[in-house]
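Trainee: These are the residues of each chain, in order.
There are 2 protein chains.
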Amino acid sequence: MKAEIITIGDEILIGQVIDTNSAFLATELNKLGIAVVQITSVSDKKDSISGALDGASTRAQLVLITGGLGPTSDDITKKTLADYFNTTLVINEQALEQIRLLLQPRGLAINDLNIKQAELPANSEMLINRSGTAQGMWFVKNNIQFISLPGVPYEMKGIFMDEIVPRLRQRFQLPAMKHITVLTHGVSESAMAKIIYNWESALPDNMKLAYLPSPGLLRLRLTGTAPKDMNTLSATMDEEMHKLKLLIAPHIYGYDEDTLEKVVGDLLIKNKLTVAVAESCTGGTIGSMITSVPGSSSYFKGGVIAYSNEIKTLMLNVNQNSLLRFGAVSREVCEEMATGVRNYFSTDMAVAVSGIAGPAGGSPEKPVGTTWIAVAGNNRVVSDVFKLGEHRGRNIQKAAVSALFMLMKEIEQMT
Amino acid sequence: MKAEIITIGDEILIGQVIDTNSAFLATELNKLGIAVVQITSVSDKKDSISGALDGASTRAQLVLITGGLGPTSDDITKKTLADYFNTTLVINEQALEQIRLLLQPRGLAINDLNIKQAELPANSEMLINRSGTAQGMWFVKNNIQFISLPGVPYEMKGIFMDEIVPRLRQRFQLPAMKHITVLTHGVSESAMAKIIYNWESALPDNMKLAYLPSPGLLRLRLTGTAPKDMNTLSATMDEEMHKLKLLIAPHIYGYDEDTLEKVVGDLLIKNKLTVAVAESCTGGTIGSMITSVPGSSSYFKGGVIAYSNEIKTLMLNVNQNSLLRFGAVSREVCEEMATGVRNYFSTDMAVAVSGIAGPAGGSPEKPVGTTWIAVAGNNRVVSDVFKLGEHRGRNIQKAAVSALFMLMKEIEQMT
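Line by line, the protein sequences give chains A and B. For the first sequence, our numbering begins at 1 and goes up steadily by one. For the second sequence, our numbering begins at 1 and goes up steadily by one.
Hints may contain errors.
One copy or any two copies: either way a pair holds, since identical chains are not told apart in the list.
Simulated pairs of lysine-lysine, DSSO-like, Cα-Cα distance not exceeding 27 Å [claimed, not checked]:
1. K31 / K46
2. K46 / K178
3. K141 / K116
4. K2 / K45
5. K141 / K270
6. K45 / K409
7. K79 / K116
8. K194 / K46
9. K270 / K157
10. K208 / K45
11. K31 / K45
12. K116 / K157
13. K178 / K194
14. K46 / K2
15. K387 / K116
16. K194 / K79
FYI, nobody ran anything at the bench for these hints, they're computed from the structure. These figures come from a predicted structure and were not determined experimentally.
Extracted from the complex, chain A is given alone in its bound form (with noise of 0.2 Å):
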């Protein structure tokens, strides 16, 4: 099965937005068996979203459109859908209830655009969106599967993996295809190239290795195939990830959907312990992403974003001569701020960052990107120092993610 993806919408072509639903849509396509041939991006007119349309029907079995769907006026995708597919929009009562579910918890009436929300093509299956007001929509026409979903990405992703995504499943019969993918830290793509060398030059025609870098991790994607069985292939891949595991072992954080904060989280619940932070450069990053994991309350008590070395002193008893003699990023410092809001706050476990993010506050000894982290626990403060970059996104990024991999390793040494 051949897929293309259609992106309506005016903001994408002037640059203003990056199409960043194509990339979500294509990697979980793929995941399915399902090859993207094409991606198109066109403006919210009825000719150009035809047109795509035409030509997306003779080089893919299922198109799938995003945007163009929000309830105002430079949004015409659904009245062009249903002439494309010679219907007419009439108010889905199923549509209705969807919305009116929705808006109630927040106080809402349904207004008159809602209910222009509510209207779908006659001949379309609705495909429910349990976060927006506009739902998805599935049509068939000489056998092509179009599917139209919301811009806004967390309601076409919502309605992506929950209604579609079974959908597929049951209707069509999808290749045999896995993917495992491995989680890295403090190995740089080339690097890791270079160590995993011999294993991924051997591995067998029907596996690929990708690489997927982002600031501070390295997320290694192995995509197997075979013609139907399964079982077989999950074998063969296992035996492979055991010879990467052994190449690569200090550096995995988890794999697949896992992530940093919640593989430190239930490491936190699983050893009952708990934690707090003491973040200078990183500014509350640390803290943001502890707490996106639902449940974190259980092993987070908080921490203290010691932005100005006054606030160190205060509130984490940094010593005011480390402070002078060695600098705010310096070992000594970060160690007494972890040391500080473990006490404070009365924890198992506490991080600490202090380094430069930039662009800024740089000099010959200590160049932006110079960034210390201390991990404080029941016996022992371990830390150490990181030359990240330039960027001051990139460092702050880079270094809440060594702080959570350190604090990771640490859990682990103690237990």
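The hints should help you fit chain B onto chain A, whose structure is shown.
Mentor: Frame of chain A, contents of chain B only:
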């Protein structure tokens, strides 16, 4: 003049890489008054590339192609272009010289792959690449301009800005085109559509409005085009913007490339004020947003992430009775948090958030999404409650932007 962008390469079609090149080109072309009518991503296959070129020829007078110019075997773009434009590849002496110049300072000699890269289609105009070995190419066929660029972002950008922009300005009469984006908070897309309905309906034909929502924020982008006179266009757009502002002034926090955190930072600097945060459900997100702005250390002293009640009492001096009587998510506790952190950190301003991000923790009186925000200043503390929604990540995001918006309003009111 209408343009189309074609990106070549499987990495986009499998979702491995997000297509940022197209967003860059679209932004820059729009600034020149060239409308982008379609963006297409296709595979490294001859038929896919030719098909995309055929399609673009029917819609655009300028076709920009990125990617597929690397020296390795999966890059067949150059051969395909030579065939498409009925020519052959020949060694281009200028290209060879350019590659030599580039490799020399790195101490590298020209190898076979480099020589292959110096082969260009005989009828193309070479566009110098100062950062890489793959040169750009400009073709003309049936009065349509086709330009091929490498996919490495900084190489593509360099050639575009240095070689293409001057030629476009010189060779074509480009129309006047202008975008103004108004950034708002606190009004949903459908509510906004109602408020500005009359104004939007009465916009002149050469102006168009787009709604660009993100959690807690809504951007309105007004685009105007005029045959050639930029001054008249600017004046008319300014008039329309003036009318729009009268309708929605209280919700506006900035324009164009502004961010809420930058606007708040600038206001704090301008009024010589400092700020601290006390974050419960947002877990550090507000601090993280504030410190994403370079130079924020001049006004941000830090904060307390008070994820547990004991920390609220211990560090923020929240009254134990308030916690027992009203609960952590209440006006009383949130205001005490703001006052507490302001006193502790000795800042002019403080902002505090206490809410139920979900998915657990809700009750009939305080459902998931209930969030109190308080801002403490010199003379008073203001607070408000928000009913956000069901989704943890978005609740945190919305709470953080609402807190920054309230802080902005309070500073404006004070000064």
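Trainee: If a hint holds in the structure, say so; if it doesn't, say that too.
Mentor: Results of checking the hints against the structure:
Taking the closest pair of Cα atoms, K31 and K46 come within 27 Å of each other only across two copies (25 Å); inside a single copy the shortest separation is 32 Å, beyond that limit. Taking the closest pair of Cα atoms, K46 and K178 come within 27 Å of each other only across two copies (24 Å); inside a single copy the shortest separation is 38 Å, beyond that limit. For the identical chains of this complex, K141 and K116 are intra-copy neighbours only, at 25 Å inside a copy versus 46 Å across copies, given an alpha-carbon limit of 27 Å. Taking the shortest Cα distances, K2 and K45 sit within 27 Å of each other both inside one copy (26 Å) and across copies (15 Å).
For the identical chains of this complex, K141 and K270 are neighbours neither inside a copy (52 Å) nor across copies (60 Å), given an alpha-carbon limit of 27 Å. For the identical chains of this complex, K45 and K409 are neighbours neither inside a copy (54 Å) nor across copies (39 Å), given an alpha-carbon limit of 27 Å. Within a single copy, K79 and K116 get their C-alpha atoms as close as 11 Å, which meets the 27 Å cut-off; across copies the closest is 51 Å, which misses it. In this assembly of identical chains, K194 and K46 lie within 27 Å of each other by CA distance solely across copies; the values are 24 Å between and 49 Å within a copy.
In this assembly of identical chains, K270 and K157 lie within 27 Å of each other by CA distance neither inside one copy nor across copies; the values are 31 Å within and 41 Å between. For the homomeric pair K208 and K45, the shortest alpha-carbon distance between copies (13 Å) is at most 27 Å, but the shortest distance inside one copy (38 Å) is not. Taking identical chains as interchangeable, the C-alpha atoms of K31 and K45 lie at most 27 Å apart only when they sit on different chains, with a minimum of 21 Å there against 32 Å within one chain. In this assembly of identical chains, K116 and K157 lie within 27 Å of each other by CA distance solely inside one copy; the values are 23 Å within and 43 Å between copies.
In this assembly of identical chains, the alpha carbons of K178 and K194 lie at most 27 Å apart only when taken from the same copy (25 Å versus 48 Å across copies). Within a single copy, K46 and K2 get their C-alpha atoms as close as 25 Å, and across copies as close as 17 Å, so both meet the 27 Å cut-off. Taking the shortest Cα distances, K387 and K116 sit within 27 Å of each other only across copies (25 Å), while inside one copy they are farther apart (55 Å). Taking identical chains as interchangeable, the C-alpha atoms of K194 and K79 lie at most 27 Å apart only when they sit on different chains, with a minimum of 21 Å there against 54 Å within one chain.
The structure does not agree with the numbered hints 5, 6, 9 stated previously, though it agrees with the rest.
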